[in-house]
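Novice: Now for the letters of each chain:
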Amino acid sequence: MIQDYLILSIILFCIGILGVVSRRNVLIIFMSIELMLNAANLAFIAFSRLHLSMDGHVLAMMVMAVAAAEAALALAVVILLHKHKGKLDSNVFSLLKG
Amino acid sequence: MFADWLFTGFSILSVLGAIGLVIFRHPMNGAMSLVITLISLAGLYALLSAKLIFVIQLIVYAGAIMSLILFIIMFLNVQNDDLPNEKDRFLYLIGGGVVLAPVFFFLKKIVQSIPGTEATIVGNGFGGVKEVGLVLFKDWLLPFEIVSILLLVALIGAVVIAGKRRMSK
Amino acid sequence: MEHSVSYLGLIPLFPLIGAVVLGVMHIDTCTRRKLPEKLYGVLACIGPVISFIYALVVFFQLKSMPADSRFLIHDAFTWFSVGDLHITMGFLADPLSSLMLLFVTFIGSLIHIYSVGYMAGDENFGKFFSYMNLFLGSMLILVLGSGPVVMFVGWEGVGLCSYLLISFYSKDTDNVLAGNKAFIVNRIGDLGFVLGMAFLFWAIGSGGFDYLSLRENAHQLAPGIGLTICLLLFVGACGKSAQIPLFVWLPDAMAGPTPVSALIHAATMVTAGVYMVARFSFIYAEVPLAGSIVAWTGILTALLAAIFAMFQRDIKKILAYSTVSQLGYMFAGVGVAAYSAGIFHVFTHAFFKALLFLGAGAVIYALHHEQDIWKMGGLKEKMPKTYWTMLIGALALAGCPPFAGFFSKDEILFSALATGHTGIWIIGVTVAGMTAYYSFRMIFLVFHGTPRNKESFNHAEDAPGVMTIPLIILAVGALFAGFLNLPALFGGNLNVSHWLAPSLADHHPHVGISVELLAVAASVIAFAIGITVSYRKFGQGADEPEYSGFTEFCYNKFYIDELYHAVLVRPYKAVGSVIWKFFEPNVTDIHVKIATWLYQKAGTAFKVFQVGYVRVYAIYMVIGLSIMSLLLSQSLN
Chain A
1 MIQDYLILSI
11 ILFCIGILGV
21 VSRRNVLIIF
31 MSIELMLNAA
41 NLAFIAFSRL
51 HLSMDGHVLA
61 MMVMAVAAAE
71 AALALAVVIL
81 LHKHKGKLDS
91 NVFSLLKG
Chain B
1001 MFADWLFTGF
1011 SILSVLGAIG
1021 LVIFRHPMNG
1031 AMSLVITLIS
1041 LAGLYALLSA
1051 KLIFVIQLIV
1061 YAGAIMSLIL
1071 FIIMFLNVQN
1081 DDLPNEKDRF
1091 LYLIGGGVVL
1101 APVFFFLKKI
1111 VQSIPGTEAT
1121 IVGNGFGGVK
1131 EVGLVLFKDW
1141 LLPFEIVSIL
1151 LLVALIGAVV
1161 IAGKRRMSK
Chain C
2001 MEHSVSYLGL
2011 IPLFPLIGAV
2021 VLGVMHIDTC
2031 TRRKLPEKLY
2041 GVLACIGPVI
2051 SFIYALVVFF
2061 QLKSMPADSR
2071 FLIHDAFTWF
2081 SVGDLHITMG
2091 FLADPLSSLM
2101 LLFVTFIGSL
2111 IHIYSVGYMA
2121 GDENFGKFFS
2131 YMNLFLGSML
2141 ILVLGSGPVV
2151 MFVGWEGVGL
2161 CSYLLISFYS
2171 KDTDNVLAGN
2181 KAFIVNRIGD
2191 LGFVLGMAFL
2201 FWAIGSGGFD
2211 YLSLRENAHQ
2221 LAPGIGLTIC
2231 LLLFVGACGK
2241 SAQIPLFVWL
2251 PDAMAGPTPV
2261 SALIHAATMV
2271 TAGVYMVARF
2281 SFIYAEVPLA
2291 GSIVAWTGIL
2301 TALLAAIFAM
2311 FQRDIKKILA
2321 YSTVSQLGYM
2331 FAGVGVAAYS
2341 AGIFHVFTHA
2351 FFKALLFLGA
2361 GAVIYALHHE
2371 QDIWKMGGLK
2381 EKMPKTYWTM
2391 LIGALALAGC
2401 PPFAGFFSKD
2411 EILFSALATG
2421 HTGIWIIGVT
2431 VAGMTAYYSF
2441 RMIFLVFHGT
2451 PRNKESFNHA
2461 EDAPGVMTIP
2471 LIILAVGALF
2481 AGFLNLPALF
2491 GGNLNVSHWL
2501 APSLADHHPH
2511 VGISVELLAV
2521 AASVIAFAIG
2531 ITVSYRKFGQ
2541 GADEPEYSGF
2551 TEFCYNKFYI
2561 DELYHAVLVR
2571 PYKAVGSVIW
2581 KFFEPNVTDI
2591 HVKIATWLYQ
2601 KAGTAFKVFQ
2611 VGYVRVYAIY
2621 MVIGLSIMSL
2631 LLSQSLN
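Chains as they are written, first to last, in this note's numbering: chain A, 1 to 98; chain B, 1001 to 1169; chain C, 2001 to 2637.
Don't read these hints as lab results, they were simulated from the structure.
Heads up, a few of these hints could be off.
Said to hold, decoys possible - Derived lysine to aspartate or glutamate pairs resembling EDC-like cross-links, with alpha carbons at most 20 Å apart:
hint	chain 1	residue 1	chain 2	residue 2
1	A	K83	B	D1139
2	A	K87	B	E1145
3	A	K85	B	E1145
4	B	K1138	A	D4
5	A	K83	B	D1082
6	A	K85	B	E1086
7	B	K1051	A	D55
8	B	K1108	A	D55
9	A	K87	B	E1131
10	B	K1130	A	D55
Said to hold, decoys possible - In silico contact screen, one side only, chain B against chain C (beta carbon under 7 Å); selected entries:
hint	residue
11	G1020
12	F1106
13	K1109
If you're wondering where the values come from, they're calculated on a predicted model, not measured in any experiment.
No residue lacks a Cβ here, since even glycine has one placed at the ideal position from N, Cα and C.
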């Protein structure tokens, strides 16, 4: 059933959120975001199959392109962070503290 | 039903891989378990008759992007001291799970209200390179070109951000 | 529709476009090189002249229509629409507004041409003409507006321009103060106008809020409401037309350049109040009591201003008070329901008062900004053109037959007498004598006798042609404008009154020819006495008198300015300072202070949540998402 695919995508998405909010390692956070993107992709493909239309496939490809761009930028940020502080801890940055 | 078995197997693998990602302390372990998820997702795409996406998922995601991430992890030469001390991460994970449960059930409720069909594999004429390519270059030409600009910007941005020499101040 | 013509909207538009173009040009270039004055001058005169041509077109089109349906309208667009109130930006040309239109554009154009000469060399040449064009455009909106609201737009526009132009020489603080005074006094009047308008709408506005609809519904007014509306509108008219008690601004307004005094404070703007009362004549006709109040206020203003004018020494102040005095006549005219007589006096007054002011401007120009008549004298030989034109103006002002002022003033006085307002008539005749006295006092002191200041006398000469030609044209107007409305006694047929009749609710009493003769004879005798006394005292040259006792009291305008200052301005300032020192910090500001204190404390309390870790903010977001999901899944079932 198509719903099974969608539920799987929800599960993966929730795990992705969990990774973002509960981990401090910036690399893990980043990979959790990739996981969320993939969950969204799975939903796209599943809907595409449901309606027998290939627009979802195109969108999935767009998401991949965006993910690639995001990977390039996010990894650049990670490198900069490591260069500055020598750490991979997101708690090192608390400039927003009130 | 062979396909059902495959679906069950791939979904268990992908969920396990995702759970591994958020549990392992060292990013290298996390990355390897993410690779498992990505590959099993590729399998699921194949089950959904998305042949082109199946291939791209393997080549671009599991191949290119993941090797980039792994390369960066190794490039940074992450020592144990560099990693944040996350002894309490299981507490956070459980708490997060509790908070996220309503979200999950809400989405699940929505999904179950959708009239579904059997995900039988569709043969020719769906999801292949030719068909997706026709859609892509007919209906989605403008977004496609915009994405190319996005990639160019990201490329330049990454060079500018990561390529900075030591801050002068 | 045959009554709808689209070019009506263009008439005010041309000067307004001119104002914008000139203003932009001036702003763009004032800090850099100057544009040639000829360019500004030509651009400034184009707008008024085109408007005048269109005014002629309107006039002849109206003339070709049957007498009982002479009106043209043009609704440009719906301005706003709230409930019953539908205000269109509409223009209405009927006999009344077309007459106003003709002389406003005609005299406006002449004064623009004159100003090109008078203002030559001024560093703000462009700014001046931008304001002048804006003023003329506003005045045309005022005259042409199809309803009270559109009229109010023009009303405020001329008020603004008068402020801008009075304080035009803004480097001198006195001029700025005079501008402020004019603006503030006008504002008091405007309040009356706005309130009157609101009452009018509340009473009969639901059937349409333009003159034509209001006129049809005027009979529904309850007498008390009608009186209130009339008096409130009259307060507005008092402010604009400088009547008791709001006349104090007009003499001070002479601080502006002389063409401004001519255009605004003599020929056009100050007549707006009279025009407004005539416009609403259909309401005033319903309430005779209001008319009497208007008439008495007018005639008392005329008397008071004439007394002041007799003792002034500044040539422009004399003319200013004579304007106030003549405005008083006009109100007396409209007050006794002789609307056409009042409007006709507006019409003739525009000619001779503009003429006198422009002549005075020429004198001041020749004497290098000397305004004191006790320092002039004998200018007749040096400035013949100015002398003869001003003499015509003064004769018209004094009401010498057969000049313009005689017929219009006589018409008013006759109407007062005929309607049984004998008191008004007696005062009016007295004021006529005083008018003759002070206008010839001015002429004798300026042009006759021996020069009191040799040096400036030797340099004086007639102004250039661009200034004298308008003077001559206006002098011709001052000579012959009166013949347009010859009463039957002199073999005429009251052309102007008949022309205006459809727009106005005129009341023509039938009295015998003896009454008419009495009125004429009294006016002529008063004029003769006035001019004789004046000649006795000043004709052969006179020495500067000492101001003392009563004359000093009159010269200082009965100390009315000081009285207003003591009774109104100083208490107002005192109240202001009490509010500033006590009320504001302890009553109004305290709320603000409490609010800021609360926000500070709340901020401190919520600071706890701002831990600074982005991850925690993500957690907040997820918690919000979760709560939202809970609520939504409740409602999903």
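Novice: Hint by hint, say whether it matches the structure.
Specialist: Hints, one by one, checked against the model:
1. A:K83 to B:D1139: It is violated: about 44 Å lies between the C-alpha atoms, which goes past 20 Å.
2. A:K87 to B:E1145: violated (38 Å)
3. A:K85 to B:E1145: Not satisfied, since the Cα-Cα distance of roughly 38 Å exceeds 20 Å.
4. B:K1138 to A:D4: violated (32 Å)
5. A:K83 to B:D1082: holds (12 Å)
6. A:K85 to B:E1086: Holds, at about 18 Å.
7. B:K1051 to A:D55: holds (14 Å)
8. B:K1108 to A:D55: violated (24 Å)
9. A:K87 to B:E1131: violated (47 Å)
10. B:K1130 to A:D55: Holds: K1130 of chain B and D55 of chain A sit about 13 Å apart, inside 20 Å.
11. G1020: Constraint on G1020 of chain B not satisfied, violated at 20 Å.
12. F1106: holds (4 Å)
13. K1109: holds (6 Å)
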